[in-house]
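Just need the whole structure built from these sequences, with the hints factored in.
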Amino acid sequence: MAPHLREGPERETFAAERVVRGDEDTDPIPDLPHRLQPWEPRYPVATYKAHKVETPSPPPFDPGPAELPGEAHRIDDPASEGALADLVLPWTDESNGRCETATVEGDSAAAIRGLGLTRARLVEIKAEEALAWMAWAGASGGAHGRRRGAAAGRYGAWWVVASLGDLDWPPNPDEVGAVVGRLRWFWFDDGSPGTGWQLRLAIEDPETGLAWAMSAVDAAD
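Oh and the sequence shown: position 93 is 93 in this note's numbering, straight run, nothing missing.
No lab work stands behind these hints: they were computed from the structure.
Straight-line Cα separation of at most 20 Å, EDC-like style, residue types lysine to aspartate or glutamate; simulated pairs:
(1) K126 - D62
(2) K49 - E17
(3) K126 - D174
(4) K126 - D189
(5) K126 - D107
(6) K126 - D205
(7) K126 - E207
(8) K126 - E175
What follows is a set of in silico ranges between Cβ atoms, one per label pair, in the way DEER data are often shown:
(9) D221 - K49: 20 to 28 Å
(10) P28 - A220: 36 to 44 Å
(11) D168 - P206: 19 to 27 Å
(12) Y48 - H73: 44 to 52 Å
(13) R184 - P60: 14 to 22 Å
(14) H73 - A50: 48 to 56 Å
Glycine included, each C-beta is placed from N, C-alpha and C at the ideal position.
Written out as structure tokens, the structure is:
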């Protein structure tokens, strides 16, 4: 395709989409490495068919009952919460979705309580699974929003990690990998059936004592 794409945004986007799919013989791309890092997952990508696009989410989880604290003290962290909310911006701006975020001093249960939940189910997940879910959400347009694509999803996942780790941008890939490995990642829900599009993550940083939670959902109706 190289002879058919001029230098510019379209060529960069094409290269970034190839990177997400595991290709290594690509042009450099803005901000991120043009090869998947050893700690990155196999990102979910769309399958284009004659009359539809299939964009399945990563495999779901099976959380169990969690004990939440009676209250949680929220603190301000607009950079991290903004990065999390940006993952699902098309859901909230162009569709029927909603997103809530919280930052606390404490653990994942306290962060979930910071969202206002009084009961929840929770399961710890692998870092690669969390990255895959964030990238899937960042690529998705939700029920009615415009799909941004897998390259944008990967970018959004890196942006979240860099924000949580207070890293400069563009980030050093080794530093991002260190933050990914340091954080603890959790999936949670409130026990109600999951329908439509959803991203419910809680994240702990043992080094700083901070934790974050986000609950984002969208539905076709």
